[in-house]
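A.B. asks: In order, the protein sequence lines correspond to chains A and B. Residues are numbered in our numbering as their position in the first sequence, beginning at 1, plus a constant of 119. Residues are numbered in our numbering as their position in the second sequence, beginning at 1, plus a constant of 119.
Simulated from the structure, these hints should not be mistaken for laboratory data.
One copy or two, it doesn't matter: identical chains are merged, so the pair holds either way.
Each computed DSBU-like pair below joins lysine-lysine, with the alpha-carbon atoms no more than 30 Å apart:
| # | residue 1 | residue 2 |
| --- | --- | --- |
| 1 | Lys-202 | Lys-185 |
| 2 | Lys-204 | Lys-185 |
| 3 | Lys-546 | Lys-204 |
| 4 | Lys-204 | Lys-399 |
Protein chains: 2
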Amino acid sequence: MTLPNRQSLAPNAENAITILTERAKECDAQDSLASLISEFSLPKDCIYLDGNSLGPLPIRAKQRAKEVVEQQWGEDLITSWNKHKWIDLPYKVGSKIAPLLRCESSQVIACDSISVNLTKVLCAALSMQQRTSPQRNLVISQRDNFPTDLYMVQGLGELLGAARCELLSVEQDAIYEVIETHGQQTAVLMLTHVNFRSGLVHDMRAITKAAHSKGILVVWDLAHSAGTLELALDECEVDFAVGCTYKYLNGGPGAPAFVYAAKRHWPHIQQPLSGWMGHKRPFDFCHDYQAGEGMASFLVGTPPVVSMSVLDAALDVFDGISSAKLRAKAQSLTQFFYEAFCALMPNTEFLMVSPQDASIRGSQLALAHPEAYAICQALIANNVIADFRAPNILRLGFSPLFLSHQDLLHAALRLKEIMDKKSYMDKVFQTKQAVT
Amino acid sequence: MTLPNRQSLAPNAENAITILTERAKECDAQDSLASLISEFSLPKDCIYLDGNSLGPLPIRAKQRAKEVVEQQWGEDLITSWNKHKWIDLPYKVGSKIAPLLRCESSQVIACDSISVNLTKVLCAALSMQQRTSPQRNLVISQRDNFPTDLYMVQGLGELLGAARCELLSVEQDAIYEVIETHGQQTAVLMLTHVNFRSGLVHDMRAITKAAHSKGILVVWDLAHSAGTLELALDECEVDFAVGCTYKYLNGGPGAPAFVYAAKRHWPHIQQPLSGWMGHKRPFDFCHDYQAGEGMASFLVGTPPVVSMSVLDAALDVFDGISSAKLRAKAQSLTQFFYEAFCALMPNTEFLMVSPQDASIRGSQLALAHPEAYAICQALIANNVIADFRAPNILRLGFSPLFLSHQDLLHAALRLKEIMDKKSYMDKVFQTKQAVT
Numbered sequence: 120m121t122l123p124n125r126q127s128l129a130p131n132a133e134n135a136i137t138i139l140t141e142r143a144k145e146c147d148a149q150d151s152l153a154s155l156i157s158e159f160s161l162p163k164d165c166i167y168l169d170g171n172s173l174g175p176l177p178i179r180a181k182q183r184a185k186e187v188v189e190q191q192w193g194e195d196l197i198t199s200w201n202k203h204k205w206i207d208l209p210y211k212v213g214s215k216i217a218p219l220l221r222c223e224s225s226q227v228i229a230c231d232s233i234s235v236n237l238t239k240v241l242c243a244a245l246s247m248q249q250r251t252s253p254q255r256n257l258v259i260s261q262r263d264n265f266p267t268d269l270y271m272v273q274g275l276g277e278l279l280g281a282a283r284c285e286l287l288s289v290e291q292d293a294i295y296e297v298i299e300t301h302g303q304q305t306a307v308l309m310l311t312h313v314n315f316r317s318g319l320v321h322d323m324r325a326i327t328k329a330a331h332s333k334g335i336l337v338v339w340d341l342a343h344s345a346g347t348l349e350l351a352l353d354e355c356e357v358d359f360a361v362g363c364t365y366k367y368l369n370g371g372p373g374a375p376a377f378v379y380a381a382k383r384h385w386p387h388i389q390q391p392l393s394g395w396m397g398h399k400r401p402f403d404f405c406h407d408y409q410a411g412e413g414m415a416s417f418l419v420g421t422p423p424v425v426s427m428s429v430l431d432a433a434l435d436v437f438d439g440i441s442s443a444k445l446r447a448k449a450q451s452l453t454q455f456f457y458e459a460f461c462a463l464m465p466n467t468e469f470l471m472v473s474p475q476d477a478s479i480r481g482s483q484l485a486l487a488h489p490e491a492y493a494i495c496q497a498l499i500a501n502n503v504i505a506d507f508r509a510p511n512i513l514r515l516g517f518s519p520l521f522l523s524h525q526d527l528l529h530a531a532l533r534l535k536e537i538m539d540k541k542s543y544m545d546k547v548f549q550t551k552q553a554v555t
Numbered sequence: 120m121t122l123p124n125r126q127s128l129a130p131n132a133e134n135a136i137t138i139l140t141e142r143a144k145e146c147d148a149q150d151s152l153a154s155l156i157s158e159f160s161l162p163k164d165c166i167y168l169d170g171n172s173l174g175p176l177p178i179r180a181k182q183r184a185k186e187v188v189e190q191q192w193g194e195d196l197i198t199s200w201n202k203h204k205w206i207d208l209p210y211k212v213g214s215k216i217a218p219l220l221r222c223e224s225s226q227v228i229a230c231d232s233i234s235v236n237l238t239k240v241l242c243a244a245l246s247m248q249q250r251t252s253p254q255r256n257l258v259i260s261q262r263d264n265f266p267t268d269l270y271m272v273q274g275l276g277e278l279l280g281a282a283r284c285e286l287l288s289v290e291q292d293a294i295y296e297v298i299e300t301h302g303q304q305t306a307v308l309m310l311t312h313v314n315f316r317s318g319l320v321h322d323m324r325a326i327t328k329a330a331h332s333k334g335i336l337v338v339w340d341l342a343h344s345a346g347t348l349e350l351a352l353d354e355c356e357v358d359f360a361v362g363c364t365y366k367y368l369n370g371g372p373g374a375p376a377f378v379y380a381a382k383r384h385w386p387h388i389q390q391p392l393s394g395w396m397g398h399k400r401p402f403d404f405c406h407d408y409q410a411g412e413g414m415a416s417f418l419v420g421t422p423p424v425v426s427m428s429v430l431d432a433a434l435d436v437f438d439g440i441s442s443a444k445l446r447a448k449a450q451s452l453t454q455f456f457y458e459a460f461c462a463l464m465p466n467t468e469f470l471m472v473s474p475q476d477a478s479i480r481g482s483q484l485a486l487a488h489p490e491a492y493a494i495c496q497a498l499i500a501n502n503v504i505a506d507f508r509a510p511n512i513l514r515l516g517f518s519p520l521f522l523s524h525q526d527l528l529h530a531a532l533r534l535k536e537i538m539d540k541k542s543y544m545d546k547v548f549q550t551k552q553a554v555t
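Only chain A is shown next, with the shape it has when bound in the complex:
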């Protein structure tokens, strides 16, 4: 990785680069997670700012993929369900995720996708509420929540009727107010902890408390939190949570999701996706469903063992690392890029969509620009892998495990060069051609 030719930079920018380079080196020297980059198989010279969309390949996961396919499936065949404990994977994976959520480990299980898991926890929460308070039909959420969360509520609303399930989606700044005004009719508050576009972080503790004060159960979607934010599900008295493992947890494309359900709710949980793997005694093959104990009742069908095994190995990278430490590193990376961006591109046309306050910002920055798609493509062509989110967002993710501050300075410089030279313009042309 080389810096762009300094002659192309204005004198004050040159000054900024010198200062930023020093700071990046200092930060990296103090980074206790720096050695973790050796855990990953990353393409050469690539600065990967899309770990919040698909985490890169952990070397352990690569080895496990080979082992589970060639040895376990290929050689040991059906006996692997016991011999290699495939049957325990959902629990084992759950117990590895639990420390990152700071919760007692039996409360987490890996299975299905976030969307499917949302249906399970929404149904469980709705039925818990309606047994005692049949008037509670509302599911409050945020208008710009990740769409699948809203869609799953809409789907349930169609199935159950508005009298049992109705989505009320409000702007982010109206959440406390709607808890206050609609508390008595509300069954569930469902929010994504870190907004997928802006990166804004909700105050999980305060919102959960406010909802509980009105008798509302709370479901948190941790897709952009697990593995990069400091979490404390048990302390915050969260009721249910779901999350994804292919972003900051590096579990591989479409790796199984997870579910958290607070132990205090276990005796009351009933969810309709009552598949055989969730049965109390699945291999008795009996006629009537009897839910397994605890988190077992969230299992449905046979899990995708290859994907689940790869995820299991990927999680070992986190062994012994607290979510506080992950958050500190990710916050430092994000803040450093933010400052580098401001210093290097003071007259930028980008609009910063993410919060300026680092304490309420996840591990990402969202930069709005009319040509965000073309700029994203130009960055990728320059080996900085970023993401585009419709309609106009360049989204940059800062995973704490494999990035250094110096990487981010290089990325910021490449972005500056693309913007200064308008070298994304050919991508604009390509895009327009592709559309027509």
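Fit chain B to the given chain A structure using the hints.
C.D. replies: Same frame as chain A, now just chain B:
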């Protein structure tokens, strides 16, 4: 693989072996699918009679696993969604399964598990019915259907109430009768084409027709059919079907399942698991769910790409092979083992649970014996991998792709030896010890 010492066999058995050996050789010589064994990576000297539980590893799948993990995920990272068309996998896999079901290929899509897919099609069928005939609340099924099928109806019944969904499970021989007597109240008939225990095959055409004559929609579970039975979903005018890919389709442990929905129903389908992947324009991230066209609306969350890719490669083994040919080979194998079993063990204590009539028997034999578990373990110790199904069934599966008639003779001889010498008795002791 060597035959047992002939001195241990009675003279008439020796005669039988000679005849069976000749027949096995003849059948194998005429087997046009014989060369397909080279497509599989099987452990040495193992006779694998459990392809109906977990199909063995196709060599193409092994190669693809390496490619999807190391190259696509490891090197191309997020760009693989487009570059390697991960986004198209559910459709691509579906279109490879379709010829084995003999149906127009756009009607099949791969996603989630059988259990989750059953909820989707059951909800779709129930809501189609109840729009015009609200009195249709029954879902008829068979008492000894695979339990997850029954459990999913029970789960929906709990959620929706008996007035909208109630399971009526009847004995296998009462199906036509209950269609007749309960036709007007019934929304859905849900059956597994091949019974997981006995291997009995339902007459898909006749039952579907009988159900339709009463206005009932039919859901077939093809878990033990796809890849080994002759199917003709379109001709039989099936409404919905689900199926599994890790048995006869060799897609790998817990590989994604599939859904079939007849095109004529597409405009009327509504199912509650409305995840973002099933949206008309998933990457617009808009607030309201709009179902994608056709089978797209059955997609929910992000699919497990590693497992799905492995499955995609595994299916190429079937390229150009008709389900009629697969059925003929599997039937020949099953019948051959059956005859060998009868000839070699005329005074057997086993009870044959599977139909004697090959035309209504799937690619498996179920042999009941009080010590079935121990016998199964003794077979495995002798490199014949079979399966046990509670309470007392030794289940032998005869996949058409990688077994020869000579393999089956060896398997039958090993079973005979185990039974003659009662060499399973030490396994009985082990089992009992393990239980106490």
